[in-house]
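Student: Given the coordinates of chain A, work out where chain B should sit on it, guided by the hints.
Protein sequences, first through last, are from chains A and B. When the letters of the first sequence are read in order and numbered with this note's numbering, they come out as residues 1166 to 1351. When the letters of the second sequence are read in order and numbered with this note's numbering, they come out as residues 11 to 203.
One-sided excerpt, in silico: chain A residues whose CB lies under 8 Å from chain B:
#, residue
1, Glu1185
2, Val1188
3, Glu1192
4, Gln1193
5, Ala1209
6, His1313
7, Phe1338
Each pair of labels, with its calculated beta carbon distance range:
#, chain 1, residue 1, chain 2, residue 2, range
8, A, Lys1239, B, Asp78, 20 to 30 Å
9, A, Arg1189, B, Asp32, 38 to 48 Å
10, B, Leu137, A, Leu1224, 51 to 61 Å
11, B, Glu70, A, Lys1219, 17 to 27 Å
12, A, Arg1296, B, Glu67, 14 to 24 Å
13, B, Asp32, A, Lys1219, 38 to 48 Å
Please keep in mind that the hints were generated in silico from the structure rather than gathered at the bench. All values reported here derive from a predicted model rather than from experimental measurement. Cβ coordinates follow ideal geometry from the N, Cα and C atoms, glycine included.
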Amino acid sequence: MTEDRQLVSRALKGDRRAYEMIVRKYEQPLTSYLSRMTGERETALDFAQEIFLKAYCSLASYRPAYKFSTWLFKIASNHMIDHWRKKKLPTVSIDQPFEEEDGPMTPQIPDPGPSVVRKFELAEIREKIERALESIPGTLRELFVLRHVNEFSYEEIADIKSLPVGTVKNRVFQAKEMLRKRMEAT
Amino acid sequence: MTSCPRAEDLYLYLEGGLGPYDARKLEEHVECCQACREALEERRLLHEAFISLPPFEVPEGFARSVMDSLPEPEVRKRGWLAPLVAAVSALTVGLAGFNLFTGTSISDVLVALNGFFGQALAQAAPLAVKTLRLGGVILKVIRDLLTLGLDGLATFSRVLGPGAIALVVGLTALLAVLAFLGARRFLHQGEGS
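Next up, chain A with everything else stripped away, as it sits in the complex:
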């Protein structure tokens, strides 16, 4: 974290090498997030480039009291929101309960039915998760990716998305249960 602050400070003084180090550090986490959000490799790379450019141009507004990664992913998240808005993709309100094809989710009781996921090896499960991820609402997918791909804490995700921690926890849980059900259905 301190290293990030020092790199930002140097970049603000015109040291382009320092910003390149930031880009190298965050290119993989950022593209991992964007590839899952867009579902397209080339678009993810284009978006990553645009986000790094946006971050560079607004570097002076970064406050060292916050984590740089949180700040960068906030820019990325807003970029995705703009993208969805332009494409007019259907978005689901974060305050409304998500409904499955077989009715509203009632995940409070563990499903005692036969487990489908047991049939697959871990690698197969990962492939299925990647496919199922594309079918769940973007708002849930984003929180899931931030938590399990980018390994942000619930508190950090709450900062990035400006949401209460409890809401984030609940939405990540809903995403996981939705993925599980989608995987069972295939």
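Tutor: Only chain B this time, still in chain A's reference frame:
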């Protein structure tokens, strides 16, 4: 037996997000409840898959292409430019105001200013030269005094033996300590009053 845990708690347990008391309660329950045991195992497998999703493979040279797309950093304006502009502006406004209020033409003011600064310079230049000369003389006197002192010390050490030199040095040190203590006492008395 306690009631079945919520599915959300199963995930929290797997992430290590449950408190020790709740985690223990869940473990005890799972030992006795087959349905929950299976549900936990299923989520454990899923959780392992969630946390091991492969990272995106970034192509070689991506960072370089990002750097090439960045604009050149703005060259900062020199620090003296703003004060210089401010000074020139203030002078212009001052001259214009003087002209408006007194009716004196700007050229007359400039001539008067030129005369004033010329006179000041004519007076200041000889003074600066004298100051420099005086400084030179003072430096020469200090140098001569130092040379004299060092010569005296050399003669002194030649005349006296090593024992006498040690005695003189010791006495000087003692006098210095006494002077220091006396000065401290004097200062403390000053604080107290």
